[in-house]
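Student: Mind assembling these two chains? They're in different frames, but the hints should get you there.
First to last, the protein sequences are chains A and B. Those letters in the first sequence? Residues 326 to 661, by this note's numbering. Those letters in the second sequence? Residues 6 to 309, by this note's numbering.
These are computed hints drawn from the structure, not numbers from a lab. Backbone N, C-alpha and C fix where the C-beta goes; we use that ideal spot for every residue, glycine too. Check before you lean on any hint, since a few could be wrong.
What the hints assert, rightly or not - The following residues of chain B were derived to be distant from chain A, with all beta-carbon distances above 10 Å:
(1) R38
(2) I73
(3) Q82
(4) D148
(5) A168
(6) S169
(7) F201
(8) R206
(9) G296
As the list claims (entries may be wrong) - Which residues of chain A face chain B? A partial, calculated answer using Cβ under 10 Å:
(10) D407
(11) Q429
(12) M432
(13) V438
(14) K599
(15) P600
As the list claims (entries may be wrong) - Stretch-level coverage of chain A by chain B, calculated; a stretch enters the list once three of its residues show a Cβ under 8 Å from a Cβ in chain B:
(16) 414 to 423
(17) 536 to 547
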Amino acid sequence: MSSEVTTQDLLSIEGLSIVYEVDGETTYAVNDLNLSLKPGETLGLIGETGAGKTTTALGIMGLVPSPPGRIASGKVVFAGEDLLQLPEEQMRRVRGKKISMIFQDPMTSLNPVMTVGEQIAEVILIHEGVSRKESVRKAGEMLEMVGIPAARAGDYPHQFSGGMKQRVVIAIALACNPDLLIADEPTTALDVTIQAQVLDLMKALKTRYNTAMILITHDLGVVAQVCDKVAIMYAGEVVESGDIRDVYENTRHPYTKGLFDSIPDLDHTVGRLKPIKGMMPDPTDLPSGCKFHPRCPDAVASCATTMPEAVTTEAGHIARCLILKPMAEPSNRVQG
Amino acid sequence: MSQEMTLALNETSAEATRAAPKKRSQWLEVWHRLKRNKMAMAGLVILSLVVLAAVFADLIADYETVVIAQNLSDRLQGPSAQYWLGTDEFGRDIFARIIHGARVSLMVGVLSVAIAIALGGSLGAVAGYYGGKLDNYIMRVMDIFLAVPSILLAIAIVSALGASLMNLMFAIAISSVPTYARVVRASVLTVRDQEFIEAARAIGGSDARIIFRHIIPNCLSPVIVQGALGVAGAILSTAGLSFIGLGIQPPEPEWGAMLSGGRQYLRHAWHVTTFPGLTIMITILALNLLGDGLRDALDPRLKH
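Isolated chain B (complex conformation) (with noise of 0.2 Å):
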């Protein structure tokens, strides 16, 4: 028996030790795959970029002299050596409130997808693995959301709970909850029928542990890319909820608002208006290259 046993023993490790790749994790794949892809590339530049302003924002321009701090006498200036983008209609350097502005909308967009993604998440995931009536009860629930516009909602909400920081992240991250319920539940009801999972009840699993260790880790692909997307929605939604009001509030710089502001220059002094604007365009553009390059990687087609 033991002469049998280490035969296989001989024949498998050679096999093992010619057949061994270099190890590389599913997420270096997907970054090789990533890297590939030009558009998504650039997108991924320009959005380190706008982290690295936020980030850096209190090193570039003060906060108290530069951001808000009024000098009318220097209002509305075109670009120039000393404003790069000009002056607002209260003389405040667009340049400076651009990069502050970047923290406000990054800060909003990442954590209102976060909590979504928890929230929606876990909704979809008990949905998707339980199924029966309290999948029809969760999904019910979301399609009454759904039902109702994101804008309106978002508004709805902030007016009930007041303008601020906090509850404009509630109001986004509410809205896009449904959607996260959505997706994840359509991940978990191809991946709950798989061997793997039956294996998985076969050694003892509890439910707890299938749902959060073999299925929900098997469900990140679309959630990622739709997370991507979901951040750029959520900094239209903030610039959207703050160029009518409901946002964040002056004289904290925000990219909406500053639209907003510079609405009634437009005429002699588009800059106010068209800096924030395109600030914003790039921003959503280089969130969407992201985002589709990220779904073309992870393509579970494309793997091994």
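Only chain A is shown next, with the shape it has when bound in the complex (with noise of 0.2 Å):
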């Protein structure tokens, strides 16, 4: 596991913040978020609704709406270029190409009048430079890849179940190999059963392509099936973050323990549930130092006053809690 090290990462997120200023009112999305993948990697960001997910998602890609939102601070290096840096152009260039997202909702992420076979060929006509010919046989093969028969290349949207657009969006997403891809909650919208499947369909084909993915979703179970690293989000930053087993094993971020615990059992049956007390801040109005420490158990006076850093073992586990410290020393640390 230690060869990773020497491999550059592919997508280093540093000090990223995103704000929203409508009417006068500030809406802090992303606060100070610091992430980063290798390449084939898949990264699980986990986070509740209102945490900066897609927000995130939307600033890696520069689609973040630009009169009401706005890039505060930080940078997002991706193959050694910062991404907020280049001119809108080039950044079009490396949408679809080197950076594909798919979003939650497969029913509308698709033109309703076009047929699947031409949304999967305008990706490729973009950006591969081929005749028009060459980008439809190529979309068929794309269909055959996600598990729809070429020959329904012609037929429309509506003409497709929920998990099959789901496909489609996959295959438009893959069509041009991206090194990168986003997938915004890709199986909310989705049944169970669907959603294995599409889950295991995302799986291969990051295998075969060694496509990086980067999961959002607020599901535990979908991380733990798909993805290497995971980083958990909360008030527009990353609260803790590493190896999947490190931090399913040896969660170390009070706000990660109490999202663990109110998961329910099936081995035991209790009386109640246990839900983190309180509700996800106002964006508008941030609590002071560390953003969980109101609902924090584990909570001591300087946590509403100080930001807390973030404390890395040596396995590269991240967490930012100040009662971490001094469990921070590699050399004293107890397996346990």
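Tutor: The structure is reproduced here in structure tokens:
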């Protein structure tokens, strides 16, 4: 595992902050976010609704709507380049070709008046500079790749079921063999059996193409199935991240612990569920210091005043929590 | 891994072949819905007759000898075996003139609407897509044009530029541009926020591509309906302007001009005015029926 230490990061987000300014009110959607990903890795980005996951994804793609939204600070370094500094013209060449994104609801992500074949061929035509005929042929191939007969390339989106529409969306995203795929809650709108099929498909394809993937979801189970690494988001920042086994087994941040504790256990019957008390803070009025402190069972006085720094173990497991500081000495770590 | 994939493939192939219905493009679906509407079909039939008349006008009645040649000894005769709808004040066959008049009316009607859609549609699409100040400027200019009654605007343009077919088309087109700008802008505002537009941006689509290949094809329905009704309006405007002498110049046959020419003979030769008038009425009616039918057939709520 330690051979990965020398591989360059494919994506490295440093101190990203995104705000939305509407009618004089500022919403702090993403706050000093740090994230990194190596080629071929799958990162699960977990968080509740409103944590800033989609905004982060849009920030990477350069699709944050610019009148209300604004990148306040930070860098998004992809394959050595800071995407935030790229002019729009060049960013368009990255989208769809180097980084692809798929959205949550397959029902509305496809153009209703274009055939699915045309929509897959379109991304190929935009980026690969091949003839129309060639793009159509390649589109047929992609359809087969996601398990839809190429003969259906002339059908319209409304002639497909939800799961099949999502497959088409995946085909469009992977048609130009991008280095990174961002999937924003790809299975949330699908029922569980179809979810399993779509996830299996995504796993198979990402292995075949060696695509790195950021899988945004609020479902811990989905992350466990598909991801190598995981990052937990809260109020616009990553509070804990690391190798999936490590985070699931040696959970360090109180928020993550709370998330795991709130999942009902199949093996034990309990009288009441254990939710995390309180609510996600209002993004226009965030708490001072550690943003989780009002809800944290382990909070101390300094949590309300000091922003916690990231505390890293040698295995790359990062958590932003003040009370973890003394535990970070590698030589003193006791396994258990 | 390959086993999983083959499994997934087999399951979905079975599902796909079971679920694949007959290939029906969007337009075929619309056509089938339209066919069920009897009134709309009646309108379509009448319109087809008018179009056929316009296309084969020269075969039905020769222009030089029948349509414009004056024949004063036969003037103001009622319908007979020789002159199906009678003759006008110059002894010309009214039936033949009505047939040839269809050409003019249709040409002006369709072309002026086409120009208005192209111009107004582009302005509306740009205003709707970019929003902000650009939207404001464009729509306020459109409002200025809308504030002027369209007939007056047409009269003003034709008076300034001279009465000819081209100028007539231009005048009618200009006065309908704001309507299409508004219709397209409203559609664009709805479509613009849908997720597949965001998806189109996510694959690296440029603004131009998004507007022309994604937004506009989804805005066609209201434009088509407005267009059908617009042709009716344009034909009426043509007739109106020719009636007051600002449109087609004599001896060219034009329904409105024919109406005007027959005015003074209403008492004892009512057929000179009535038949062109009936023709205008029936054509407009057909277009309205078709337009209403199209509106129903294209209703997105009835889709899938």
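Student: Does each hint fit the structure? Answer for all of them.
Tutor: Each hint, compared with the structure:
no.	hint	verdict
1	R38	15 Å, holds
2	I73	47 Å, holds
3	Q82	55 Å, holds
4	D148	24 Å, holds
5	A168	42 Å, holds
6	S169	39 Å, holds
7	F201	5 Å, violated
8	R206	6 Å, violated
9	G296	21 Å, holds
10	D407	19 Å, violated
11	Q429	8 Å, holds
12	M432	9 Å, holds
13	V438	5 Å, holds
14	K599	35 Å, violated
15	P600	31 Å, violated
16	414 to 423	holds (count 6)
17	536 to 547	violated (count 0)
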